[in-house]
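Number of protein chains: 2
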Amino acid sequence: MDSSKSSDTSSKINELARRRGFFWQSYEIYGGVGGFVTYGPLGTRLKLNIEAKIRDIFIKKLGIFEIESSVISPGQVFEASGHVNHFKEFMVKCSNCGKGFRVDQIINEKLGISLLEIEKMDFAEIKKVFRKNIFDCPECNNALKEPTQFLTMFKTTIGPYSKAIGYGRPEAAQSIFVEFNRLYKMAREKLPFGVIQIGHALRNEISPRQGLIRLREFTIADLEFFFNPEEANCNFIDEVESEVLPILLAVNRKKGIEEISNFTVREALEKKIVCSEWQIFFMVMAMKLLLEIGIPIKNQRFIEKLPWEKAHYATQCFDQEVYVDRWGWIEVSGHAYRTDYDLRCHMDASGADFRIFKEFEKPVEEVNYLLKPKMSLIGPKFKEKAEEIIADLSIVPVKEVLESFEEKGYYFVKGKKITKNQVEITQRKKIIKGKRFIPHVVEPSFGCDRLFYVALEYALKSKKNRTVLSFPRNIAPIQLGIFPLVNKDGLNDKAKTLSTFLRSEGFLVEFDDAGSIGRRYARADEAGIPLCITVDYVTMDNDTVTIRDRDLWKQVRVSINDLSKLLVDYFKEKIEFEDFGDFIESK
Amino acid sequence: MDSSKSSDTSSKINELARRRGFFWQSYEIYGGVGGFVTYGPLGTRLKLNIEAKIRDIFIKKLGIFEIESSVISPGQVFEASGHVNHFKEFMVKCSNCGKGFRVDQIINEKLGISLLEIEKMDFAEIKKVFRKNIFDCPECNNALKEPTQFLTMFKTTIGPYSKAIGYGRPEAAQSIFVEFNRLYKMAREKLPFGVIQIGHALRNEISPRQGLIRLREFTIADLEFFFNPEEANCNFIDEVESEVLPILLAVNRKKGIEEISNFTVREALEKKIVCSEWQIFFMVMAMKLLLEIGIPIKNQRFIEKLPWEKAHYATQCFDQEVYVDRWGWIEVSGHAYRTDYDLRCHMDASGADFRIFKEFEKPVEEVNYLLKPKMSLIGPKFKEKAEEIIADLSIVPVKEVLESFEEKGYYFVKGKKITKNQVEITQRKKIIKGKRFIPHVVEPSFGCDRLFYVALEYALKSKKNRTVLSFPRNIAPIQLGIFPLVNKDGLNDKAKTLSTFLRSEGFLVEFDDAGSIGRRYARADEAGIPLCITVDYVTMDNDTVTIRDRDLWKQVRVSINDLSKLLVDYFKEKIEFEDFGDFIESK
Numbered sequence: 050m051d052s053s054k055s056s057d058t059s060s061k062i063n064e065l066a067r068r069r070g071f072f073w074q075s076y077e078i079y080g081g082v083g084g085f086v087t088y089g090p091l092g093t094r095l096k097l098n099i100e101a102k103i104r105d106i107f108i109k110k111l112g113i114f115e116i117e118s119s120v121i122s123p124g125q126v127f128e129a130s131g132h133v134n135h136f137k138e139f140m141v142k143c144s145n146c147g148k149g150f151r152v153d154q155i156i157n158e159k160l161g162i163s164l165l166e167i168e169k170m171d172f173a174e175i176k177k178v179f180r181k182n183i184f185d186c187p188e189c190n191n192a193l194k195e196p197t198q199f200l201t202m203f204k205t206t207i208g209p210y211s212k213a214i215g216y217g218r219p220e221a222a223q224s225i226f227v228e229f230n231r232l233y234k235m236a237r238e239k240l241p242f243g244v245i246q247i248g249h250a251l252r253n254e255i256s257p258r259q260g261l262i263r264l265r266e267f268t269i270a271d272l273e274f275f276f277n278p279e280e281a282n283c284n285f286i287d288e289v290e291s292e293v294l295p296i297l298l299a300v301n302r303k304k305g306i307e308e309i310s311n312f313t314v315r316e317a318l319e320k321k322i323v324c325s326e327w328q329i330f331f332m333v334m335a336m337k338l339l340l341e342i343g344i345p346i347k348n349q350r351f352i353e354k355l356p357w358e359k360a361h362y363a364t365q366c367f368d369q370e371v372y373v374d375r376w377g378w379i380e381v382s383g384h385a386y387r388t389d390y391d392l393r394c395h396m397d398a399s400g401a402d403f404r405i406f407k408e409f410e411k412p413v414e415e416v417n418y419l420l421k422p423k424m425s426l427i428g429p430k431f432k433e434k435a436e437e438i439i440a441d442l443s444i445v446p447v448k449e450v451l452e453s454f455e456e457k458g459y460y461f462v463k464g465k466k467i468t469k470n471q472v473e474i475t476q477r478k479k480i481i482k483g484k485r486f487i488p489h490v491v492e493p494s495f496g497c498d499r500l501f502y503v504a505l506e507y508a509l510k511s512k513k514n515r516t517v518l519s520f521p522r523n524i525a526p527i528q529l530g531i532f533p534l535v536n537k538d539g540l541n542d543k544a545k546t547l548s549t550f551l552r553s554e555g556f557l558v559e560f561d562d563a564g565s566i567g568r569r570y571a572r573a574d575e576a577g578i579p580l581c582i583t584v585d586y587v588t589m590d591n592d593t594v595t596i597r598d599r600d601l602w603k604q605v606r607v608s609i610n611d612l613s614k615l616l617v618d619y620f621k622e623k624i625e626f627e628d629f630g631d632f633i634e635s636k
Numbered sequence: 050m051d052s053s054k055s056s057d058t059s060s061k062i063n064e065l066a067r068r069r070g071f072f073w074q075s076y077e078i079y080g081g082v083g084g085f086v087t088y089g090p091l092g093t094r095l096k097l098n099i100e101a102k103i104r105d106i107f108i109k110k111l112g113i114f115e116i117e118s119s120v121i122s123p124g125q126v127f128e129a130s131g132h133v134n135h136f137k138e139f140m141v142k143c144s145n146c147g148k149g150f151r152v153d154q155i156i157n158e159k160l161g162i163s164l165l166e167i168e169k170m171d172f173a174e175i176k177k178v179f180r181k182n183i184f185d186c187p188e189c190n191n192a193l194k195e196p197t198q199f200l201t202m203f204k205t206t207i208g209p210y211s212k213a214i215g216y217g218r219p220e221a222a223q224s225i226f227v228e229f230n231r232l233y234k235m236a237r238e239k240l241p242f243g244v245i246q247i248g249h250a251l252r253n254e255i256s257p258r259q260g261l262i263r264l265r266e267f268t269i270a271d272l273e274f275f276f277n278p279e280e281a282n283c284n285f286i287d288e289v290e291s292e293v294l295p296i297l298l299a300v301n302r303k304k305g306i307e308e309i310s311n312f313t314v315r316e317a318l319e320k321k322i323v324c325s326e327w328q329i330f331f332m333v334m335a336m337k338l339l340l341e342i343g344i345p346i347k348n349q350r351f352i353e354k355l356p357w358e359k360a361h362y363a364t365q366c367f368d369q370e371v372y373v374d375r376w377g378w379i380e381v382s383g384h385a386y387r388t389d390y391d392l393r394c395h396m397d398a399s400g401a402d403f404r405i406f407k408e409f410e411k412p413v414e415e416v417n418y419l420l421k422p423k424m425s426l427i428g429p430k431f432k433e434k435a436e437e438i439i440a441d442l443s444i445v446p447v448k449e450v451l452e453s454f455e456e457k458g459y460y461f462v463k464g465k466k467i468t469k470n471q472v473e474i475t476q477r478k479k480i481i482k483g484k485r486f487i488p489h490v491v492e493p494s495f496g497c498d499r500l501f502y503v504a505l506e507y508a509l510k511s512k513k514n515r516t517v518l519s520f521p522r523n524i525a526p527i528q529l530g531i532f533p534l535v536n537k538d539g540l541n542d543k544a545k546t547l548s549t550f551l552r553s554e555g556f557l558v559e560f561d562d563a564g565s566i567g568r569r570y571a572r573a574d575e576a577g578i579p580l581c582i583t584v585d586y587v588t589m590d591n592d593t594v595t596i597r598d599r600d601l602w603k604q605v606r607v608s609i610n611d612l613s614k615l616l617v618d619y620f621k622e623k624i625e626f627e628d629f630g631d632f633i634e635s636k
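Line by line, the protein sequences are chains A and B.
For the first sequence, the working numbering gives the first residue as 50, with consecutive numbering after it.
For the second sequence, the working numbering gives the first residue as 50, with consecutive numbering after it.
With the rest of the complex left out, here is chain A (with noise of 0.2 Å):
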């Protein structure tokens, strides 16, 4: 990675971000506060675009439900789903100035042991490492105390009891879990189904440093889906089985080799190197995601979690990365296959059924045996012993004794053999309907900031030493800037008026009539607006208007009795700009 380019990158996004609007660190009249970011008005409308292509490929397709529910959680909530428990990182603070730090940053930076390294540490080693070396406060150079585990998660405390601990989410899928039965109810009691959440969490991050990257509040999008594990199969794995998914393997990246492998659905299930139907599904409609918000492929990949990676609840997880120039390759998506493991702990912790009654297709007889000693024959023949050997045979399993009889014609009880005929065997037979069984989960969960982020450093171009942000039209925060060539002649108002009716359409529209039209246009790329429409003096004569392309910097001329329809088409993609008609000579 060159690192002045990267730099450069990140500082031209970050001075574009503040100025045009797309997000800033909030609070910087109060010095800002790390890991707060705001999105302002350009920003916003892409976050809301982006939260929207989410669930226009996951909820309309699949049917997925989709719920809100708080931010602020009973503390029950995350005791029981493991999170008061392991979702701790380790810190050092300062002896002098009283700063925290990741324990794994300053391993890193004062000794180089890489973090993937460090990851693999339990707190006894970590505590070695601090042992064994004096690291200094990177702020004031006194030394650093010992290592402590610190809960990121924020806490506080619901209505005046001060025992009522309320924490702020660190996900959304919580909300879900905790819900099963009554969303259950809304799916009419059939598997599988799926319910996403597309909210703000928190995590109290101990030094967050990347920007959008590592946030103290963002915006997840988890998305669980439950399905019986005995028909785990998914209905659309043969519309997705040919998609190539571009993997790092857990067993490469053991050796340190950070080769991606390229694998068919239909491979990857078959070589096991993904378990779940469902799972690789959601990977192959995640890599669309990010393909339509403007990362082509070879720049995403996923990579499998190794063991000491993977968060508590999972036993399967992969990774969805993007490469951005300033960090390498970063986590954009996880998809983990969470088994029953959310649901069992809240139904152990609250006490609530979450288990689901699967009928058999045809009952099942089950036979169970009965013992029962014959008194008159064993009271005679073991006189003293005979009470503690009907008391044994009361509790052996009936199942061993009838085994033992088949084979040796006999079974032994306090050292005495019992022959089948001073016993009396009956049966009783119980018809079995169908099973109880917890719902399994996969989930894929999406970072929205990130995702944010990728489609704002994939948007970034620069075109004759001008900055156009060439956002996929259907993502862009702006879809058509509306400009009168001059303001004068009634063009003005002409422009306004035809702003009000594509407004009216439903466009989302910029009407900018300050400065030169060449000035308009750059502002306009700069903030990714697709097209253009310029009213002039030829719109006075016969009500047509120019269209310009952002990428192309190429106009047409087309009525305006045919834009509604033009446009409607071409941001639902049926055409492209080629097809409003002939390019014109460019101004």
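By construction, these hints were calculated from the structure, which means they are not laboratory data.
The structure presented is a predicted model; accordingly, all values stated were derived computationally and were not measured.
Any given hint could turn out to be false.
No copy labels: a pair is met if it fits in one copy or bridges any two.
[Unchecked claim] List of simulated lysine-lysine pairs, BS3-like, C-alpha gap at most 27 Å:
id, residue 1, residue 2
1, Lys110, Lys537
2, Lys411, Lys537
3, Lys212, Lys234
4, Lys159, Lys169
5, Lys448, Lys434
6, Lys407, Lys212
7, Lys212, Lys194
8, Lys110, Lys543
9, Lys61, Lys234
10, Lys102, Lys621
11, Lys614, Lys109
12, Lys204, Lys142
13, Lys137, Lys212
14, Lys110, Lys621
15, Lys109, Lys623
16, Lys347, Lys320
17, Lys621, Lys411
18, Lys303, Lys510
19, Lys148, Lys137
20, Lys478, Lys177
21, Lys621, Lys545
22, Lys545, Lys110
23, Lys169, Lys354
24, Lys109, Lys545
25, Lys614, Lys102
26, Lys109, Lys543
27, Lys513, Lys303
28, Lys614, Lys110
29, Lys466, Lys434
Got chain A sorted already, so can you dock chain B onto it with the hints?
Quick look at chain B alone, frame taken from chain A:
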């Protein structure tokens, strides 16, 4: 208010909301926590649609900016804004069980004093009431303690430093104010402009009781509109001047009169009932918003807040109220004239400069006079007193001296007369190009959960013993139901293909093939689906389907080819159901 009827309506809404997945109290498996709700699939969609309406009405027309910031805010923000000092409720705890109660609820329930009267009391008066009376705990009947003040913000710590206090924001407004300078730049340094934020907010209520009406976590839509108080005209005022606002005046409220007065916008401004044109404009828009989500004007009113009811930042404040069956009139939005209060607070606390420089139309010449004692005259005349006199002349206001010369011919200094000829007077001219001022703010602020509740209550109808949710068509959670008449002969596949097509056209579609067609219509009515499309045997012949209207229970038959266009126009409210074609015989 008929209380038996009211409890019926409210119970009916709650029962329906839980069963069909509009909303329910969160975390039921852990016993539920007051003040937190989960919106289910239908509810989330309805809520998103209502929020989209707010965006439609406020953002699109006015070019209002939207931003998204964090729920957790550093302590300084709410110290500066006055919330840490003012955002408190009087609370009283039980000496035995420790449960906390709102003081106003206790006094109201035990002494029968109206909540309106209690709201006027300050802390001293509250304490007096508690000293005069002995109140028992409503839960365990033991004695209540002394009243205290409870800060109704959620408090937490940001990062590992225990001194870095953070609060859950009780409103979205402050994260707009603190970013004023950046937002003003995005408005190209022109007033007026507005910024909206729609997001979660938190109020740590002592004992929330009223379901969706009083939540600890809720969604707020705060719109802050910035303008120059000396150029306070609203450029849309002509468009709304004859709109009629139903207002309950403060002067009547003080007398206990509940009579609504109707004023046109023009009258209300002329009579100074509402002082700001922008404020009344937003009140009209709020009225239209409520109308569009299904609340007739006759069930809306604005109440003028009394001095002791107003928030600490507001000069003039109106609440928009809607009549609901259970609680009578409830607030759904607040309209506050916040003046420059908030910007000024944050300027004082942070040192940032939020003043705007306004250039005068033509520069103003300011003349300053300088006074210089003539030493050659004063020295000889006043001898040892001369030094004192000269020192005094250097600090007295020049204007005062000149006026005294004009009036009396002399000016007294240290008991001595100084005359005009003993001093030299020079002029210094200064050109003043403009002045600096802090913008004023009017704020419409909507409680989205309350909008949701009133939309649900007003949609709730009963027809032939069947529950129908008659949502206005463009907030309905699902737009179209698609049903195959039977599950055979290819009807099911045809209906599924149609569903896929209509989803790709952007409609919110529910496919349903379970149970009789009658039961499916009933389920659709209860979910508020405006139109249901049925694929029947005729469809297989001639590619037409029936469309059934939720409210009329009438059907038309249309060609699949015309469907998309008709439905687009219908949901854009360009055509009515009657325009689809002739009604056919209902099955």
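For each hint, the structure was consulted:
no., hint, in the structure
1, Lys110 <-> Lys537, "between (49 Å within a copy, 23 Å between copies)"
2, Lys411 <-> Lys537, "between (82 Å within a copy, 25 Å between copies)"
3, Lys212 <-> Lys234, "neither (33 Å within a copy, 46 Å between copies)"
4, Lys159 <-> Lys169, "within (18 Å within a copy, 62 Å between copies)"
5, Lys448 <-> Lys434, "within (23 Å within a copy, 126 Å between copies)"
6, Lys407 <-> Lys212, "neither (41 Å within a copy, 54 Å between copies)"
7, Lys212 <-> Lys194, "between (30 Å within a copy, 19 Å between copies)"
8, Lys110 <-> Lys543, "between (41 Å within a copy, 17 Å between copies)"
9, Lys61 <-> Lys234, "between (50 Å within a copy, 19 Å between copies)"
10, Lys102 <-> Lys621, "both (13 Å within a copy, 22 Å between copies)"
11, Lys614 <-> Lys109, "both (24 Å within a copy, 20 Å between copies)"
12, Lys204 <-> Lys142, "both (20 Å within a copy, 23 Å between copies)"
13, Lys137 <-> Lys212, "both (21 Å within a copy, 20 Å between copies)"
14, Lys110 <-> Lys621, "both (16 Å within a copy, 24 Å between copies)"
15, Lys109 <-> Lys623, "both (19 Å within a copy, 26 Å between copies)"
16, Lys347 <-> Lys320, "within (23 Å within a copy, 68 Å between copies)"
17, Lys621 <-> Lys411, "neither (49 Å within a copy, 52 Å between copies)"
18, Lys303 <-> Lys510, "neither (37 Å within a copy, 63 Å between copies)"
19, Lys148 <-> Lys137, "within (18 Å within a copy, 32 Å between copies)"
20, Lys478 <-> Lys177, "neither (62 Å within a copy, 76 Å between copies)"
21, Lys621 <-> Lys545, "both (25 Å within a copy, 21 Å between copies)"
22, Lys545 <-> Lys110, "between (38 Å within a copy, 12 Å between copies)"
23, Lys169 <-> Lys354, "within (12 Å within a copy, 61 Å between copies)"
24, Lys109 <-> Lys545, "between (35 Å within a copy, 13 Å between copies)"
25, Lys614 <-> Lys102, "both (22 Å within a copy, 24 Å between copies)"
26, Lys109 <-> Lys543, "between (39 Å within a copy, 18 Å between copies)"
27, Lys513 <-> Lys303, "neither (45 Å within a copy, 68 Å between copies)"
28, Lys614 <-> Lys110, "both (25 Å within a copy, 22 Å between copies)"
29, Lys466 <-> Lys434, "within (12 Å within a copy, 137 Å between copies)"
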